[in-house]
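K.L.:
Chains as they are written, first to last, in the working numbering: chain A, 454 to 1453; chain B, 173 to 589; chain C, 106 to 296; chain D, 212 to 312.
By construction, these hints were calculated from the structure, which means they are not laboratory data. One thing to keep in mind: the hints can contain errors.
[Stated by the list, open to error] Selected chain D positions facing chain A (Cβ under 8 Å, derived; list incomplete):
hint: 1; residue: H230
hint: 2; residue: R239
hint: 3; residue: P243
hint: 4; residue: R277
[As the list claims (entries may be wrong)] Below, a list of computed lysine to aspartate or glutamate pairs in the EDC-like style, where the Cα atoms sit at most 20 Å apart:
hint: 5; chain 1: A; residue 1: K1282; chain 2: C; residue 2: D280
hint: 6; chain 1: D; residue 1: K262; chain 2: B; residue 2: E395
hint: 7; chain 1: A; residue 1: K1282; chain 2: A; residue 2: E1104
hint: 8; chain 1: A; residue 1: K939; chain 2: C; residue 2: E243
hint: 9; chain 1: D; residue 1: K245; chain 2: A; residue 2: E1201
hint: 10; chain 1: A; residue 1: K779; chain 2: A; residue 2: D798
hint: 11; chain 1: A; residue 1: K1415; chain 2: B; residue 2: E259
hint: 12; chain 1: A; residue 1: K841; chain 2: A; residue 2: D477
hint: 13; chain 1: A; residue 1: K672; chain 2: A; residue 2: E656
We treat Cβ as the ideally placed atom computed from N, Cα and C, and that holds for glycine.
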Amino acid sequence: MSQPFRTEKGGRIDRAEELTFTFDGEELHGHAGDTLASALLANGVHLVGRSFKYHRPRGILTAGSEEPNALVGVYRKSDQTPNLRATQVELYDGLQAISQNRFPSLGFDVGAVNDLLSPLFPAGFYYKTFMWPKSFWDRVYEPIIRAAAGLGKPPKNPDHDTYGNLYAHCDVLIAGSGPSGLAAALAAAETGAKVILCDEQAEFGGSLLSETSATIDGKDPAVWVAYAVARLGAMDNVTLLPRTTAFGYFAHNFVALAERVTEHLADPDPRLPRERLWQVRAKEVVIAAGAIERPMVFPENDRPGILLADAGRTYLNRYGVKVGHKVLVATACDTAWQAAFDLADHGAEVVGIIDLRESPPESLVAIAAARGIRVEAGCVVTGTLGRKRVKAALLGRLMTSGQVASGGQIECDALLMSGGWTPTVSLFSQSRGKVVWDAEAGAFVPGKSVQKERSTGAANGLYGLEASLADGYAAGEGAARAATGKSAAIAHSRTSGGEAGSGGTLGALPHDRNASRVKAFVDYQNDVTAKDVKLAVREGMQSIEHIKRYTTTGMATDQGRLSNMNALQIASGALEKPLTDVGLTTFRQPFTPTTFGLFAGISRGDFFDPVRKTPSHDWAVAKGGLFEDVGQWKRAWYFPENGEDMHAAVERECRTVRKSVGLFDASTLGKIEVVGPDAAEFLERMYTNPWKKLAPGRCRYGLLLNDAGYITDDGVIGRLADDRFHVTTTTGGAASVFATMEDYLQTEWPDLDVWITSTTDQYAVAAVQGPKAREVIAPFIEGIDLSAEALPHMSVREATFCGVPCRLFRISFTGELGFEINVSRRHGKMMWETLAGEIEKHGGAAYGTEAMHVLRAEKGYIIIGQDTDGTVTPQDAGMTWAIGKKKPDFVGKRGLERPDLKAENRKQLVGLLTRDPKIKLEEGAQVTILENPATGTPAEGHVTSSYFSPALDRTIALAIVKNGHALEGKTLYVPMPEGSIPVEVAGTVFYDKEGARLNV
Amino acid sequence: MKRYSFLELAKNAFSAHQNWGRQWRAPEPKAEYDVVIVGAGGHGLATAYYLAREHGIRNVAVIEKGWLGGGNTGRNTTIVRSNYLWEESAALYNHAIGLWQNLSQELNYNVMYSARGVMMLAHTIHDIQVAQRHIHANRLAGVQNEWLSPEQAKDYCPPLNISKNIRYPVLGAALQKVGGTARHDAVAWGYARGADDLGVDIIQNCAVTGIRRSQDGSVEGVETAKGFIKAGKVGVVTAGHTSVVMEMAGVRLPLESFPLQALVSEPIKPAFPCVVMSNTIHAYISQSDKGELVIGAGTDQYVSYSQTGGIHISNHTIDAICELFPHFRRMRMLRNWGGIVDTTPDRSPILSKTPVPGLYVNCGWGTGGFKATPGSGHVFAHTIAKDEPHPINAPFTIDRFRTGRLIDEAAAAAVAH
Amino acid sequence: MSDLLASDLVTPDAGEAPLLGLASVSILKVAPLTRFSFRARTASVKKAGAAVGIPLPIKPLTSETATKRAALWMGPDEWTLLAPEEDLQAVVTGIGSKLGSEPHALVDVSDRSEAVIVTGEKAAWLLNTGIFVDLSQEAFPVGTVTRTVFHKAPVMIWRIGPDAFVVEAWGSFMDYVAGLLIQCAQELEAA
Amino acid sequence: MLLIYCPYCEIERAETEFHCGGEAHIARPSDPEKTTEDDWVEFLYMRSNTKGIAAERWRHIHGCGRFFNAVRNTVSDEFLNIYKTGEAKPDLEAFAREAGK
Ligand SMILES: Cc1cc2nc3c(=O)[nH]c(=O)nc-3n(C[C@H](O)[C@H](O)[C@H](O)COP(=O)(O)OP(=O)(O)OC[C@H]3O[C@@H](n4cnc5c(N)ncnc54)[C@H](O)[C@@H]3O)c2cc1C
Ligand SMILES: NC(=O)c1ccc[n+]([C@@H]2O[C@H](COP(=O)([O-])OP(=O)(O)OC[C@H]3O[C@@H](n4cnc5c(N)ncnc54)[C@H](O)[C@@H]3O)[C@@H](O)[C@H]2O)c1
Ligand SMILES: Cc1cc2nc3c(=O)[nH]c(=O)nc-3n(C[C@H](O)[C@H](O)[C@H](O)COP(=O)(O)O)c2cc1C
Ligand SMILES: [Zn+2]
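I would like the entire structure built from these sequences, with the hints used as guidance.
P.N.:
Here it is as structure tokens:
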């Protein structure tokens, strides 16, 4: 049960609550309030992972989301989530974690041989080799490279957790809750502005949670945090979101947040989402994301046990964990000294403070002296010893010559380092703002705001508690004023301690080692060393973007937050150009890796896309009907009976329609009501056909082109009154036809007095088709005369069906006597069931889309999108008859006049009959002149529709064929892998060419 | 040029890699070139390379406003395939496939062309019809493409969810086995190194700001950030910026530039063996040799030169990926970026002479030109050198929009990448 | 629910059990209604109002209610007119006789949409799981009506009370909309 | 996801409620019969594709349904002006000068 590195007291963990967890199967203990990282460290575990390329042993480096080494897999419900940062995984009882990228074990990893071979693997090595023998690439080299790369393993099972979403609006969004973020929140909230405060950590407070040597308003910083959070929590206008990362800053102040809702719980309620996406539109954004500490680039700076100094301090003060018993501190910056002091005060032995600077501040040296800590100024670490944990560090003394003299060796079991601080400008950069160099801070800081945003505190390059607080209050006030015009007075806090520390260094440190032998890491996770960056420059990679892509520095899961500045400095040196001329690479979203499920959210299963059903749906399901997806609609495809296969079912359905009667659900067709005195004029301009003379009560087939001249849609249009038309469109075209009409209406012809209304969902439509159609509907239709004389083919009437109003069309897509009855959707089920019952009495049957396709193909009626593909003109489709020749204009008329649309040799719609009537062509098969064309001979066209036709008792097909209309009667070929199929070119109408069956 | 090989790598290991030379120079521009190529993307660099290698025209400069390969070449999802519908397109992309197969050896630069197969899913009957049409047309054209049942598709790509109970179940797939991926940056670098070695000057950080025309209207040279550069011929290969550059010569084009986004996951061990594309539900995915899942998202709906886009685009792509590969739902997005794609009305490129004598343009590749890089450069070099198109790119004129002789891959419901 | 706007018109379907009934939010199906899409140029708007018995709102995104009538602003020349199921013909006749030959369009869309009433303390929260619109009372006061998008479906929302919204979707989208609302509300059942 | 002001609804809404209709002020030739091949291809396909200040059409498709025009900087994606269909094209150069400052 012992946690040998746990302090006696202090920290924010709950010592009363002990938790058990496992790491690589070993049972360990920690406390509530721990992260996995702090709990591992409490147990003295530093070695937690292996690096990407060289498989070097790696330990926990940081205490935050920028952690590059301590990536683990965590098991839950017998599956694991890879690449979680141990520094962000909150401990819960029973947590099971595993290390990654090692085989067979973390302690002994065969991949570590890469480290020995590393001289062969400098940056970009794979571009230079693996080219011979050529065939080895796919079979040998690439598989090896792929297997070596990658960190964790992907989960094995589908994820059953859910992910939530919330759209939110606020006046001020504050990302980050350190002193500056909290101050900003207090100041903004006090004005009454709507505030959202988020922080990626489990608790609010940021750096204050590990600050023990300062006070705010005379209170311990943590106490002040508690007070501030309580105050904010009590206000209605404030939303507090801990465990919530602002990960994406998009255009127009749209910020995406990822809230981790249950991951920290041992046994979460399954009804809760695992994570929630907040899509926030903020009038003003305050970025209070703080700053992170920079590693120092010295040889072997990557051994387990080497941490950032501030991380060491955080583990101590916040989690009650000493990172070691004998701690060495290497720094170029004041802040690390405090870590040394705090550790010493908790009884750790601080074996030395090595400061790069010739003369660190007197005050610090004095405090060190008082604690008896050895101080080495003007010194650097030039190497470290120890494989799985640091054992000692080599000391180097900087000489005036710039050389380094060996200064011996210092034993330690942990090494804390600080190269200074890097403001977190990721979000600012995402907002498209440009950073500027702040020489004093030695860092890039946010420049001019591009969006309604301001950075504050350490993120703005302001170090020092008092300054951060003051800046935060000002940012909060300013943001609230900008958002709402309101302001309020709020007392600013007074602090003691927490002064800004100065100092810092960038780039690789000098050393006295054999440069070609040692590795000083810049990007830990991707194993990019200082040498690699220099090599890239030597090879002509002059842009920082090239250096990034050639070496992969900054491309790891921390996206360069730790490495960029050091890489930049090294590049700048190698290029002999000032750092500011080299510039940074682009920060992109997400700020930290963000779960796919969060983006996908609720869009899964049936909710992936709306499932649109017609009122006959349940009936069709009960009947055993099968469905096909057409756009978002589910359409009944065919209705097998008694174990029929598709072919048998479709054949039966077709025969039934031709013999007696069939019932078909046409509800999915788009419907548009065109109303107004200029309705006919409008249709006249939209469709190819003439409309003005169409009498009320009659219908006409309409063909719609785009202005380029190609067919885009079709449908039957009925004139209900002088000023009212009922337009139908294809199922898939409904939305786009409506949008196209609105476009012309609003922007080209706004003077027309006509309006269009979509009525697709207003009506359920049943098509009753077949010789007995009239008998079937007659009992239910009232108010009109159904006789052929009174209601000829292509008519429309308003009537009632079983007493409810309906629009009755006498039209046909089958070539048989047919009616389409439109009743309001609510009565659709009643209508369908009534008719379904009735057709049975007449030996009829319901039929689906497949039979509908066959029946219409027998008649040569085209399906837009199947027999046409966006390159087909009315002439091509043999539909010149649909063009109103006398019309001065219609959409597409001018397009049709273009040379190629009028050219000879265009592909035209024809019928095809296979010589062998049993052979059914494949849709999409190509049509050629030669029986066996040489490879590379372009085809004459392709088969667009192909079916077995029960009416003809043979197969039929439609095809688009070059010059097809002139080829009627000729033999062409459809070459298939198994041999060429001879076909005869025919007209497109196969059945009842005279249309006798229609007009009964 | 120092040749690259394993031996060379081993030799250099002894000298701690101190002796590698530059892969390309950083020359100052000369006053005059025979040919100036504007834009050092893959297509521009390949054009320069083939001008020098195939046509002996070595007095060539490639002028790049940023860093070479930093345009769409550096930000695409690297899908390579040639199973396009129309014979014109299939010929063009297949020409490229032929060149891809030997590109590493030819350039002596490993571009990691990986023929792991590209599988295009069908989710509806219409999709099947379209896929079959492609397969049959491709067979006649000599382009490899085959049909897979859902079970065969799953065999080829084990993570694929072929359950019948998803919203848009997989009904089958078209597979092009010679399709795959390549290392996008290496393609640019390899061509740059090859072209540089043949004497081509690659001038980076030097935007072209004007195109100067002589009295007779023909091209005289380009104005740049580094002054005027005289040129006998100018080839514009600037992808998303083509309208901007061509306007400098007074040439209007049927182009719109849209943001197209892509994203990568965190790196994981090999989990995805091939490339899968679904046009119907908008998902494009493969796994890079580094281990990230590389995922292509859609275009935003408005013209933008911002190289970013909206989150709803990523949402819609990732939801599709998670339906097809539900165990990736717990994976995480590492980085999301955008490029600027220049799209034509028929979704086919323009590789053509222009109304301005001596001015040539190679553009309109939209969301899918990476795969064509070698082929495009090859035939464009021919067009410039001979002042007439190579038979393969002869149909890809600007004039086709006037005459209506489109090569409409979009209308034929073909797919983007 | 008596203090709700239009509560004499938009009423829960008595025959149907609530789709969702949590302490913090409930979802009730709305009984059938007469709905019209009315389109006209500005000059005719007053007359149309007189014909229906309610002024047509001119201010964007607002609604007017009167006994058994409501008029919802949909666009600068578009209104949705609501009336009890049995008043369909009355509205047609009323407008027809008042406007005569003045250009306008009146289209019966009674059954194009289905509606639910979402009420309760968490109603706005629930809608915001899929709707981008700012539903705070300041930004979206009682009476506000708008078309928008709920996840992947177009919807219309109309605030009829501080914690009550009418959510309409085209009939074929209602399974999706109601289904998702119910699913998104699941977490409210957890602690 | 852009935030777009609809001049008819008089409110800002998310981009997902809108449909972008491409470059604005490309009028369909009023007499197509007499329009030359070149003018027709201009109308059909040729676009300025401006980098910088451009006028474009939007439709509040999931709102009031109205088309309107917007001036947007295609580099920053910032909207500079929004006006109703039928109103004159604003002086884009002036916006460009302003943005250049
Ligand atoms: C996200 C995304 C995914 C994609 N996925 C695929 C895919 O999977 N498969 C596929 O085949 N294709 C894909 N593409 C398309 C493909 O990337 C492009 O078609 C292709 O890379 C274009 O290459 P290019 O050389 O023509 O253009 P680019 O690489 O963009 O090069 C153009 C160059 O011109 C330069 N330039 C511009 N203006 C000037 C000027 N005034 N002066 C000087 N230089 C200038 C630019 O800086 C740039 O470097 C994708 C594109 C994107 C954005
Ligand atoms: N050299 C120095 O002396 C020095 C350097 C740096 C910091 N400091 C001290 O640190 C403090 C800085 O205060 P501060 O408030 O600016 O920063 P902070 O580090 O205290 O707080 C930043 C907070 O932002 C959170 N955060 C970062 N990115 C986020 C994101 N994308 N989404 C959500 N949360 C995010 C972090 O988790 C953290 O809690 C001061 O007290 C200052 O004295 C001093
Ligand atoms: C195929 C491919 C793979 C990539 N893999 C990574 C990666 O592993 N890590 C990373 O940070 N970025 C990766 N990127 C993205 C680049 O970092 C970068 O975002 C992209 O080249 C666009 O450039 P920009 O973001 O600088 O504008 C990859 C890009 C591509 C095209
Ligand atoms: Zn609007």
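K.L.:
Within 20 Å, alpha carbon to alpha carbon, are K672(A) and E656(A)?
P.N.:
18 Å, holds
K.L.:
Mind checking the CB of R277(D) against every CB in chain A and telling me if the closest is under 8 Å?
P.N.:
7 Å, holds
K.L.:
CA of K245(D) to CA of E1201(A), is that 20 Å or under?
P.N.:
With Cα atoms ~18 Å apart, K245(D) and E1201(A) stay inside 20 Å; holds.
K.L.:
Checking one constraint from the list: CA of K841(A) to CA of D477(A), max 20 Å. Satisfied?
P.N.:
16 Å, holds
K.L.:
Would you check the hint for K1415(A) and E259(B), treating anything up to 20 Å between C-alpha atoms as holding?
P.N.:
Roughly 14 Å separates the two Cα atoms, so the pair holds.
K.L.:
Quick one, is the H230(D) hint okay against chain A at 8 Å, beta carbons?
P.N.:
7 Å, holds
K.L.:
Check whether the Cα positions of K1282(A) and D280(C) lie no farther apart than 20 Å.
P.N.:
Status holds; Cα separation ~16 Å.
K.L.:
Holds or violated: K262(D) with E395(B), Cα cutoff 20 Å?
P.N.:
19 Å, holds
K.L.:
For the pair supplied as a hint, K779(A) and D798(A), is the alpha-carbon distance within the 20 Å limit?
P.N.:
Roughly 13 Å separates the two Cα atoms, so the pair holds.
K.L.:
Closer than 8 Å between Cβ atoms is the bar; does R239(D) clear it against chain A? Give me holds or violated.
P.N.:
Check passed: Cβ of R239(D) comes within 5 Å of chain A, closer than 8 Å.
K.L.:
For the restraint on P243(D), tell me whether the closest CB of chain A is nearer than 8 Å.
P.N.:
Cβ of P243(D) sits 4 Å from chain A, so the hint holds.
K.L.:
Hinted pair, alpha-carbon criterion (20 Å max): K939(A), E243(C). Please report holds or violated.
P.N.:
16 Å, holds
Consistency with the previously given hints fails for number 7 only.
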